[in-house]
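Enquirer: The listed protein sequences correspond, in order, to chains R and B.
Each number in my numbering comes from the position in the first sequence (counting from 1) with 686 added on.
Each number in my numbering comes from the position in the second sequence (counting from 1) with 686 added on.
Any given hint could turn out to be false.
[Stated by the list, open to error] Derived CB-CB ranges, DEER-like:
hint, chain 1, residue 1, chain 2, residue 2, range
1, R, Gly800, B, Asp835, 29 to 35 Å
2, R, Glu761, B, Glu761, 24 to 30 Å
3, B, Pro971, R, Gly762, 55 to 61 Å
4, B, Thr805, R, Gly762, 51 to 57 Å
5, R, Trp814, B, Asp835, 36 to 42 Å
6, R, Gly750, B, Arg962, 56 to 62 Å
7, R, Asn815, B, Gln713, 37 to 43 Å
8, B, Asp813, R, Gly762, 27 to 33 Å
9, B, Thr981, R, Lys927, 30 to 36 Å
10, B, Pro971, R, Glu777, 33 to 39 Å
None of these hints come from the bench; they were simulated from the model.
On a predicted model such as this, the values are computed, not experimentally measured, just so you know.
The C-beta atom is built at its ideal place from N, Cα and C for all residues, glycine as well.
Number of protein chains: 2
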Amino acid sequence: MNSVSGGKVVVLTGGVGGAKLVLGLAQILPPEQIVAIVNTGDDFRHLGLWISPDLDTLLYTLSGKANATQGWGREGETWQFMSALRSLGGEGWFQLGDGDLALHVLRTAALAQGETLSTITQRFGADWNVGVRMLPMSDDPVATHLTTDEGDLPFQRYFVERRCVPRVSSIRFEGAERARAAPGVAQALRDTGTRAILIAPSNPYLSVDPILAIPEIRQALREASAPIVAISPIVGGKAVKGPTAKLMEELGIEVSPAAVAAHYGELLDGMIFDRRDPVGESTLPRLSIDTLMVTLEDRVRVASAALQLADRLAE
Amino acid sequence: MNSVSGGKVVVLTGGVGGAKLVLGLAQILPPEQIVAIVNTGDDFRHLGLWISPDLDTLLYTLSGKANATQGWGREGETWQFMSALRSLGGEGWFQLGDGDLALHVLRTAALAQGETLSTITQRFGADWNVGVRMLPMSDDPVATHLTTDEGDLPFQRYFVERRCVPRVSSIRFEGAERARAAPGVAQALRDTGTRAILIAPSNPYLSVDPILAIPEIRQALREASAPIVAISPIVGGKAVKGPTAKLMEELGIEVSPAAVAAHYGELLDGMIFDRRDPVGESTLPRLSIDTLMVTLEDRVRVASAALQLADRLAE
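Construct the complete structure from the given sequences, taking the supplied hints into account.
Expert: Take a look at the structure:
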């Protein structure tokens, strides 16, 4: 592998954690050198609207509109829609902010007119001056479902409505085997000019696996010349946010970065561990750093370490 | 004709003016004795959402949520959606308030699942404790179009986007000839227990004519035993609101209550004139009163006069 200075950095990413990493990268690289390949397994139709939570989180984060405290949605969001909706007996379990609705309504209308999720996402990014190239993993529908002790649950029912309480025994990605990678995705991964492929510290099982479940993407990763480096979503034996650790326990997997590395298997060339975690028996090239991303400086530090490891692997 | 005390009062109504009349009626009659048959010729799909402006105006007015100053939409409405929509290049000519969106999103989702506009409207009314029975004129789509000096314009493009500026040469109601009356409409008109049928002071050409253009409704009105009384939308030779007077001039019609009465023709049994207007050569039974509806007392006065004339005609 050869280091491609000035080459593109491609990130496979899910929601909040991944968006933080991409934001860190955008501080140290020209945004147009960054390509984010975003999970759409969480996407779903709700009240007739097509909702793409991970794409929106990235869009809000990179355009400076994200609600930092809450971890999702827009800063300064208002809730008149939800209030009226509830007074009319509408389903209230999924929060739709007033400003946030604009994305969903415009996306739904554009999809109904035959536009693809890719071109809609590109347009939203341009409208909000996001320089990073944001690509949905696929323009075809892929839907994450969980088999739980409460039966089969679509992702948002599990994640939002049931707040990850049900015990999970297996996860599947409906439509993934038939889905094509969105335009630009396989090319970005395969491109010999690509400097690094990063796997964001998103939930491996719920946010990254849907991306890897698309055959064309899996194949492109296998054939990629750029080093592939994951950032551990496990910090000090716990998940920073969300159900990663709980899920790993339920699936009988040790809650450790090494177990995540083992999950990604031969795909990985290296991994960023948090220094609180044991390295275990893993012989995978790694850097151990503080991976907690609280401040913007933290995001830059983690992004830099990932690039540093990738560049070292490419030498 | 016989006066049916305690019988139902049926109102054919469009937007703001009609809603004022119905609100006045609801002060002097038990709401469950009132049936409003509402124009849906203004309905349209916008950004994928199905919008029924006259139904919503009535719903907001009767549930105490209407913005009295503005004449449309909700009191205390916020506009975060429109602001985000514009920042994403979305069509900004039609104002959709944050709370208002709940009606449109829920209605669109319910229609997509095969529910009828009638049952959706009934549900919204029940959720907001509206006692008046609100019936769309039809569950089938009817679309008002205007032939103008700027070409063919769907109603909302003419009314909202072009602010009634184009000169109108003719008006048509697409789908009206094939549309069936919504469940309950023809029965309410024909019912021998009906005390009066009122035509609200809505725009005769844009708000009432679409209702009359539905064959089943026209026929039911001809066969109705209850007296039919219109309230003049012309006050002192002018329209209180909206393009009625401008439209009458463009269509070569004298701007007078008598001309409106002539337009409704044999359908009418009586009419409420404003006392500022000349009676002309009309021999139609009438009452001349102050028809301006500014306060709630005004609305009660006009509603009472219409009932008084109807009851006199039924004696």
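Enquirer: Against this structure, judge whether each hint is valid.
Expert: We went through each hint and held it up to the structure:
Taking 29 to 35 Å as the suggested C-beta distance range, the pair Gly800 (chain R) and Asp835 (chain B) conforms, at roughly 34 Å. Range check, Glu761 (chain R) to Glu761 (chain B): Cβ separation about 27 Å, and the 24 to 30 Å hint holds. Between Pro971 (chain B) and Gly762 (chain R), the C-beta spacing of about 59 Å keeps the proposed range 55 to 61 Å intact. For the pair Thr805 (chain B) and Gly762 (chain R), the supplied restraint of 51 to 57 Å is violated, since their beta-carbon distance comes to about 37 Å.
Between Trp814 (chain R) and Asp835 (chain B) the CB atoms are about 39 Å apart, so this pair conforms to the stated range of 36 to 42 Å. Checked against the hint of 56 to 62 Å, the pair Gly750 (chain R) and Arg962 (chain B) passes, with Cβ atoms roughly 58 Å apart. For the hinted restraint 37 to 43 Å between Asn815 (chain R) and Gln713 (chain B), the CB-CB distance of approximately 54 Å leaves it violated. Look at Asp813 (chain B) against Gly762 (chain R): about 29 Å separates their beta carbons, and that is inside 27 to 33 Å.
Between Thr981 (chain B) and Lys927 (chain R) the beta carbons are some 56 Å apart, a value that contradicts the proposed interval 30 to 36 Å. Between Pro971 (chain B) and Glu777 (chain R) the beta carbon distance is about 52 Å. The supplied range of 33 to 39 Å is therefore violated.
In terms of the numbered hints stated before, the structure departs from hints 4, 7, 9 and 10, listed from lowest to highest.
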